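J.: If you want the building blocks of each chain, they are given just below.
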Amino acid sequence: MKKVFVNGCGVISAQKTFDNDTFLEEITTYNDRVMPVVNPVYKDFISGGAARRMAKGVKMAVVASNLAMQEAQLESVDAIITGTGMGCLLDSEKFLSKLIDNNEQFLTPTSFIQSTHNTVGGQIALGIQCTGYNFTYVHSSVSFESALLDAQLQLSLGEEENILIGGVDENAPYTINIHKLIGFIKAENTETFSLLQSNTSGAIFGEGANFFTLSTKNQESSYAEVIGVETLNTVSKENLDNAIVSFLKDNNSSLSDLDVIVLGNNGDVDFDGYYNLLTEGTFAETQQVYYKHLSGEFNTVSSFGFWLGAKILKTQSIPKEVKLNQKQTSSIKTVLLYNQYRGENHSFTLLKKC
Amino acid sequence: MEKGVAITGMGIISAIGNNVEENYNSLISCNKGISRISKIDTIHKDAIMVGEINFTNQELEEQLGLSPDNNYSRTALLGVVAAKQAIEDAGIIDISEHKTGLISATSVGGMDMTEKFYYDYLETSEHRKYIKGHHAGDSTQKIAEELGIQESLVTTISTACSSAANAIMYGARLIKSGKLDRVVVGGMDCLSKFTINGFKTLMILSDTHNTPFDENRKGLNLGEAAAFLVLESDVLVAKENKKVLAYVKGYGNANDAFHQTASSENGDGATLAMEKALKVANLQAKDIDYINAHGTATGNNDLSEGRAIIRVFKDNIPNFSSTKPYTGHTLAAAGGVEAVYSVLALQNNVIFPNLNFKTPMKEFSITPQTELKQTELNTVLSNSLGFGGNCSTLIFSK
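Chains as they are written, first to last, in my numbering: chain A, 1 to 354; chain B, 1001 to 1398.
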């Protein structure tokens, strides 16, 4: 089995993260129910005409994938595996609202063409002329981890050498509106640093595109080694500890190896209980990290957590804004990521210093 | 891979039948499931023909014993019907006895409900239960719940028209690598105004029966379906003395990297996918006995796929046919539907005819098999080609 390394990142989020030379040095705070991304200058990467044709999600993903390949010094990759929970929402909404408003008349194909879930993967392939394996996973909060697992499988078996993976979801007005109606989005504006104390239902929604080049080669740009990833459609609170222990055991690790745990708390009083169990229990003495106050909640936001874990390992530092508690961590060797959304689709990812 | 990954169960619901047996009977009797649309009120109803499943949502809900306050999209209803059949066919009684995953596929997801209640959601709360059923993973979650799959690997693939083929491919890889002992794989899509109008704007919907590989083909008929397979590890098959229906012997996925919706003129992606699948199967082109082609009957697909077949098989083109004239193009489900048909072909040593074919295409000399043909089959290749340049090939063997 070959080792798998994270060699390049491209992170477009509600923070200024697209510059790989910095690590959350400037924090943008929000007091809202939804947060947008901090945009890079897209035309530095995509020609003006092409950028105008692309919806935001595609644009973010194309630039993020570009950044990730650049950092790993790759011109192309062997495979592209994308995760997206909701797909190309802006184009879907555009096509659907026109269809309904004009009673199925006067429609043009552009937004339909760009509405399919695999638009992003297809556009990246087109851009870098990659004829390799191209998959898109669309399974709620494990969309990104499904892509990660698929890539890890191919790389560790030696089938491929470099794979681009990523998670992308975009904010779109209608979808936000209806998720407010069903309380998936909080009823009130919430400040960035009071998210976990909000004591209210729902989450603060967000968007982003986080892409990574995974490789069998350890090189100067390497962030971390991907040891393992597991997704579970259900886990009961009672069984959460066991599930983690057995995941670690499958990856020849144990609880005592963990230096940092990166958690997906989103301040939803109805579902944060899963995380609280860990922060108050098994991991009470471990350095805890959270991030959704900075990124917002979306189906592939755990890819932001993946970046955070990898970046912590590479820089051997933890920005104070993501610390959930204060523990001494002299040397950070092993990081565990845990995420779930509304009590379903749990994922564990284990990263190690390389 | 010697034998490949064992298929131990199949389930299907399509326009030509509500289970595997009904589908097979329609295939050998040349019964087409293509008609005018009856369940969706669209202004295009007289301009298109579709492969529609007869049951209404309410009938499907009753069959599944769902409570009236359920929030199933039609996609989910179809998916659960087919997945349950597959589990039953595989003789699985206690699903939690072995580590069982689920890899499903859809492109439409819960769009049928979203388009129905688009403005209604904003006005009243009555139908808002469907909002959380919109995303593509929802139907998969529901299948997992109905099958009793817990604390396991459950995910969804959406790569347009190759989705279910990719789900089968990924499932086979997970079994081969030992990540899972057993996995339910397949896909589902229901008809929706969204897809009808989308394909309409692309001007690739036929106003009559679709005619794959025919010079005068006018485009595709959309269809709805769900189809699932159960794949099991060799260890499990041996331990439980399971009956194996066929094997997933090879698979390949490649990207055309040509255009968001159109296939390259010479079928680069499809050629790569077929070549990869042959390599994984450790077979040569001459070993393939029958190709169940993607054959959507659009001008672009059939030319591109036909050329790819010629590139891979050269002077030795096996019998090939598209079964889309029976079912219509069932989008994300197509790879699953055609996997079931490929296995049926192997089990019964029969090649299903490419219906509606009259005139050979002028670009090449190959023509599909147009009559039902009994012949010894050992290896069947199935193509699924989609938007985003996504090309997938599966190879099934006895």
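Please keep in mind that the hints were generated in silico from the structure rather than gathered at the bench.
Everything numeric in this text was worked out from a predicted model, so none of it was measured.
We put the CB at the ideal spot given by N, CA and C, even for glycine.
Be careful, since some hints might not be right.
[Stated by the list, open to error] If we take Cβ atoms under 8 Å as the criterion, some of the chain B residues that face chain A in the derived model are:
| no. | residue |
| --- | --- |
| 1 | Asn1025 |
| 2 | Ser1029 |
| 3 | Cys1030 |
| 4 | Asn1031 |
| 5 | Ile1040 |
| 6 | His1044 |
| 7 | Lys1132 |
| 8 | Thr1159 |
| 9 | Ser1177 |
J.: Check the structure against each numbered hint from earlier and tell me which ones fail, lowest number first.
T.: 1, 2, 3, 4 and 5
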